[in-house]
Structure formats: C-alpha cells, structure tokens
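Asker: As a plain string of letters, each chain reads:
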Amino acid sequence: MSITILYFASLREALGVEREQLDLPKGIGSVTALRAWLVARGSQWQPLSAPRVRAAVNQTLATEAAAVSDGDEIAFFPPVTGG
Amino acid sequence: MSTLEDISVRHEDFDVGAEIAALSGDGTAGAVASFVGAVRGGGSEKDAIFAMTLEHYPGMTERALADIVALARQRWALGGVRVIHRIGRLLPGERIVFVGVACRHRGEAFAACEFIMDYLKTQAPFWKKEETAQGARWVDARDSDDAALERWQEKQ
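Chains F and H, in that order, are what the protein sequence lines are.
Under numbering that gives the first Met the number 0, the first sequence has 39 at position 40, and the numbering climbs by one with no breaks.
Under numbering that gives the first Met the number 0, the second sequence has 11 at position 12, and the numbering climbs by one with no breaks.
Worth flagging that the hints you see were computed from the coordinates, not collected in a lab.
One or more hints might be untrue.
Reference excerpt, derived from the structure (chain H facing chain F, CB under 7 Å, subset only) [as the list claims (entries may be wrong)]:
#, residue
1, 36
2, 56
3, 58
4, 59
5, 96
6, 119
7, 124
8, 127
Think of the CB as a built atom: it goes at the ideal place given N, C-alpha and C, for glycine as much as any other residue.
One chain only, chain F, in its complex shape (with noise of 0.2 Å):
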C-alpha cells in the first residue's frame, strides 16, 4: 500500500522531514495504526506521538479511527493557529 504522508510547521521542522512516500506493510488500516507504525521507526519520530498532534486523510481533518488506504494523502501537524 502506497501513500504519501506530509507534515507541517513545528512538527515538520522537529522531525526534519516535510514529505515520504511510503510502501507500507499490510494490516496499517487507520490513522492510529499508521501513526504507531511511523514513530516506531525510531526515536527521532517521538514527536508524532504527541496527542496534541491532528492528522488529516485526504486534506480533510480526520480522527485517529478514520480509515488509511492505498493512494491516500495523510498529513499530520499541530493545532492550527491561522486567522
């Protein structure tokens, strides 16, 4: 299953990482299990584990429930402060 993950402003800037491509392994069906999958990699992950972190599936806000399928854009940053 391929999918690309993007993440933003303090959360990208901590991690280092802006945009992956990833093939990932069968059974990864939410965003929960995406998410403990990702931070696993490895301790420079840690900060995606912070609960204040949102995820978004396909430019919409998504809960950590919501479904994670092939070809999807998942993104994930901190609470938003705009406006």
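For this one, chain F is given, so just place chain H on it according to the hints.
Answerer: Below, chain H without anything else, positioned relative to chain F:
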C-alpha cells in the same frame, strides 16, 4: 441577493474598502459585516514581534475554508461571502485575514462573520511562526479559540 463566493489564500494584501464594496454590490443585501485581523504590534520589549510567517497546507486550506462557508450558509441565508487569508512573512500592523458577509439583516451578518472566524481559527490549516528578540517560535493554539468554536456547536 448576490451569492458571490470568493475564497483566496495568497501573499498579496487586500483593499478592505473594495472588498466591502464588492459585497454590497447589487444593493440587495441590507447588511454587510466584516472582520480584519492583523499582526499585533507593540508589547513589551521582551514580547515584541518583529515579523510573523504564515504557513499553510495548500489544497486543504482552500477546501477547509469552503467547508466553513458552506456550514455558515446552512445556518443563515447569506448573500456574498468573502474570505481572504494571507500567507508568507508579514510585519506588525499588516493585515492577515479578511472575512466579509452580506445578508438581509445585521444580526445574521454579525453572527455569520464571527462564526466563520471562529471556525477558521480552529479548523483551517494555517500556522504562525513569530520572530522575537528571543528568536523564532511557533505560536501555540489557544484554548479560548476552542471554547469560541464550542459555543456554536452547542447552539446547533
């Protein structure tokens, strides 16, 4: 009543008078309410902001703003709605955001304008980074913004 819908995410400034005039355009809206947000200047030397950089999530931003305007339209019979949000590096006093709403009466115009701003502050993917004497820092989200949003959700 005109139902002009215009959402713009851009670097360039906007002309507040021209935007309001466009919303009043066809003369059928009895009320136009608007909000302008700017980079806060002043403050103590320690807290003073030299500049602010607005980052966003291209694609999702426009979609989120369109969804917010659609939600407002479900609650009130709105005419024209205009949302402009600037991105990039801005100096104190520079305008960041414009929300303008045209409708028949002032109560709905004020309410819809505030509704759109409260949703924008908590749902649209923008992030502010401030430059201060202590260096650059990302602005933290405020609980008061979440509380402002919940107010509308309770009233639903």
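Asker: Is the interface hint satisfied for residue 96 of chain H? The criterion is a beta-carbon contact with chain F at less than 7 Å.
Answerer: 5 Å, holds
Asker: Given residue 124 of chain H as an interface hint, is its Cβ closer than 7 Å to any Cβ of chain F?
Answerer: This interface hint holds because 6 Å falls under the 7 Å limit.
Asker: Would the hint on residue 56 of chain H be counted as holding, given a Cβ-Cβ threshold of 7 Å to chain F?
Answerer: 6 Å, holds
Asker: For the hint on residue 36 of chain H, just tell me whether its beta-carbon gets within less than 7 Å of chain F.
Answerer: Holds - the Cβ of residue 36 of chain H comes within 7 Å of chain F, reaching about 6 Å at its closest.
Asker: Take the shortest C-beta to C-beta distance between residue 119 of chain H and chain F; is it under 7 Å?
Answerer: Since the shortest Cβ distance to chain F is 5 Å, the answer is holds.
Asker: May I ask you to test the interface hint for residue 59 of chain H with respect to chain F, counting a Cβ-Cβ separation under 7 Å as satisfied?
Answerer: OK, holds: residue 59 of chain H within 7 Å of chain F, min 4 Å.
Asker: Could you check if residue 127 of chain H really has its C-beta closer than 7 Å to a C-beta on chain F?
Answerer: With a closest approach of 5 Å, the residue 127 of chain H hint holds.
Asker: Given residue 58 of chain H as an interface hint, is the shortest Cβ-Cβ distance to chain F below 7 Å?
Answerer: Given a least distance of 5 Å, the restraint on residue 58 of chain H holds.
The structure is consistent with each of the numbered hints, conforming to all of them.
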